[in-house]
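Participant: Now for the letters of each chain:
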Amino acid sequence: MAYGLQLRDAAGNLTLDISDRVGFFVATLSGTVSGTTNITVAGISAATTYATLMGAFEDDIDVSVTVGTNTVQVAGTGAYKINLVRFS
Amino acid sequence: MAYGLSVTNSSGHTQIDQSFVNYSLKTSGSFSVSSLTNQGADVYSRSITISASVHGATDPLVFIRPSTLPAVGADSKHIAGWVNANSDIRVQVDTVGTYQWQVYEKSTLTSTSTANSGYGLNVYTAAGDLAFSSNYPNPAIFAITQGFITPSSFHTASVTHGYSNIPYGFLNSCYFCQADSHSEESDGEEEEFTIIAAQSLNWSATTVGVGITELEVESGNTESNWTLSSGLRFWAWARAFN
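In order, the protein sequences belong to chains A and B.
Going by the working numbering, the first sequence runs without a break in its numbering and finishes at 253.
Going by the working numbering, the second sequence runs without a break in its numbering and finishes at 305.
Errors might be hidden in some of the hints.
[To be verified] Have a look at the derived ranges for each label pair, beta carbon to beta carbon:
| # | chain 1 | residue 1 | chain 2 | residue 2 | range |
| --- | --- | --- | --- | --- | --- |
| 1 | B | E252 | A | N235 | 57 to 63 Å |
| 2 | B | T177 | A | A207 | 27 to 33 Å |
| 3 | A | A207 | B | L68 | 20 to 26 Å |
| 4 | A | G208 | B | T90 | 26 to 32 Å |
| 5 | A | T201 | B | E252 | 42 to 48 Å |
| 6 | B | A189 | A | A211 | 25 to 31 Å |
| 7 | B | A134 | A | G177 | 29 to 35 Å |
| 8 | A | D227 | B | T270 | 28 to 34 Å |
| 9 | B | D138 | A | T201 | 38 to 44 Å |
| 10 | B | G92 | A | G177 | 18 to 24 Å |
No wet-lab data here; the hints were simulated from the structure.
Ideal Cβ positions, reconstructed from N, Cα and C, are used throughout, including at glycine.
Okay, chain B solo, but in the shape it has when bound (with noise of 0.2 Å):
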């Protein structure tokens, strides 16, 4: 850095310099869901779209988790999705309940207004766009996981989180699907599913991670053991500041 401020703490991690533009929150909400539907084949789920309205329709980052989790023992909380370019959100989830969730964006494109308000600190950049305000929350991130996902395997880790303090989980990276083709009777004929496990983020009662949940069928749909986007990806994990 030639000139400004720059921001490294013990561990040796940027919090805050000005060659590097953070993201900041830009909005968040919630959504309740209280009836799951019977997709087929006894799967269970209820895809949400929400319109976020961000400036940077390819940028933002998206984090979600459930209000509460499941209690030791019982089965994890289940959320996919993906992050449309027109910036519509997709959720799926198979656990009745409310969910919140939270958009980042890039914060060159925050409210300066804003960012001039009140007090304490912000950072431009050399071209004298915003790079850092302490108006604005960023993503706090406790744990990246990483992992692969081939046609025939997947792998990936889970990390202990704070029961008090429900992580959220980064949804921009759930966008791997892969369909299977099944048959059951159905009022006595017999009936072909595709089945769609999507990647999702997973909460149990102490632990986040990542994994393959079956969400969505779509009948007569005749492609089998369709893969997307193979290969080495990563699910960041935030804590919640409030």
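So that you can see chain A by itself, here it is in the shape it has in the complex (with noise of 0.2 Å):
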């Protein structure tokens, strides 16, 4: 490292790295939407914030999610479960 912060945990492992890029939890949204809704979450963007849906085609989710500044966007019919994670 030639600068900057290097963490490591108590048995000498490697932790956090001054060049790294890490993952922030942001937020979960969950409900059920019919057509499309939009739900505001303040400090999101589309460059840094990332929406993943939980479940699979087992679950036969019909929805898509968009986000946007400050906003996020369902869109499609069913239950859905969204995580919202900033990855710096």
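Each chain sits in its own coordinate frame; assemble them with the hints.
Facilitator: Shown next, in the form of structure tokens:
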């Protein structure tokens, strides 16, 4: 490491280096949608925040998610659970 | 930030900030696949269910990788799957071998007793919740690829990785699939199959990316062109620390 921050755990394993990008929890959204709904989440944008749908094709999720500035748009039909993640 | 600790690296990426809750490693493990099942229509795969006990069933980030890479010029290794709301992880692979997985959860759910052991750095939010602890590894993101999927097209990108440090791929976003009906002769009789083509994480000798892989077959399913959740999505790739 040329400069900056480097952290290790008690066993000496490196857990954070100055060059790393890391993940942050933003919010979890859940509900039911029919059509399109916009959910306000302060401080998010498409550049920094990413949405993942929980569940899979066995749950037959017919929902799409779009992250915008301070908003999450959920479109489709059915129940959803969305995890919002910020990767720095 | 009104007060406290904030760390930003030379690329402008925030690493620690008392206003943000980091993800930290909750649990990890591996599984081995010694054989594949012919799902029909010459599609071979193996499904694995991982029961990862995480506190926030809707919150975990799951990363996975093969323990070895294919040789240069060989077929890529594919992993598809998803994270259920009950925290089970479903994985589908099409290559025998060993696979390693990691589950990260938000630091506010991690054990403060472990965070307070040994030495290092803890950062708390203004509410007193643990936002970061050096006793817990963070997912070290080295690349994020984005793309979009429609029923008729698939667009994304791959990135080059270091051969000696196999990246972990972010499994959470692999929830896309579509199905197409096929027919083939079996014992002299024509049989109907529905091939489910799942979005998969792909590892080649030098790159990682995302593609579509035929992984599972359902016989007698009459649904065709079944498409889920089209639209822009992303896949993150994390390096292993140790």
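Participant: Can you let me know if the beta-carbon spacing of A:D227 and B:T270 is within 28 to 34 Å?
Facilitator: Holds, at about 32 Å.
Participant: Check the following: the C-beta atoms of B:G92 and A:G177 are separated by a distance inside 18 to 24 Å.
Facilitator: 22 Å, holds
Participant: Using the Cβ atoms, figure out if A:T201 sits within 42 to 48 Å of B:E252.
Facilitator: Taking Cβ atoms as reference, A:T201 and B:E252 lie about 46 Å apart, which means the hint holds.
Participant: Within 20 to 26 Å or not, the Cβ separation of A:A207 and B:L68?
Facilitator: 22 Å, holds
Participant: Go ahead and decide if the range 25 to 31 Å is satisfied by the Cβ distance of B:A189 to A:A211.
Facilitator: With Cβ atoms ~27 Å apart, the hint holds.
Participant: A range of 38 to 44 Å was offered for this pair. Does it hold for the Cβ distance of B:D138 and A:T201?
Facilitator: 41 Å, holds
Participant: Looking only at beta-carbon atoms, does the pair B:T177, A:A207 fall within the given range of 27 to 33 Å?
Facilitator: Taking Cβ atoms as reference, B:T177 and A:A207 lie about 31 Å apart, which means the hint holds.
Participant: Looking only at beta-carbon atoms, does the pair B:A134, A:G177 fall within the given range of 29 to 35 Å?
Facilitator: 34 Å, holds
Participant: With respect to the beta-carbon atoms only, verify the hint that A:G208 and B:T90 lie 26 to 32 Å apart.
Facilitator: Cβ of A:G208 to Cβ of B:T90: about 29 Å, so the range 26 to 32 Å holds.
Participant: The hint says 57 to 63 Å between B:E252 and A:N235; measuring C-beta to C-beta, is that right?
Facilitator: 58 Å, holds
Every hint, counting from the list given before, is met by this structure.
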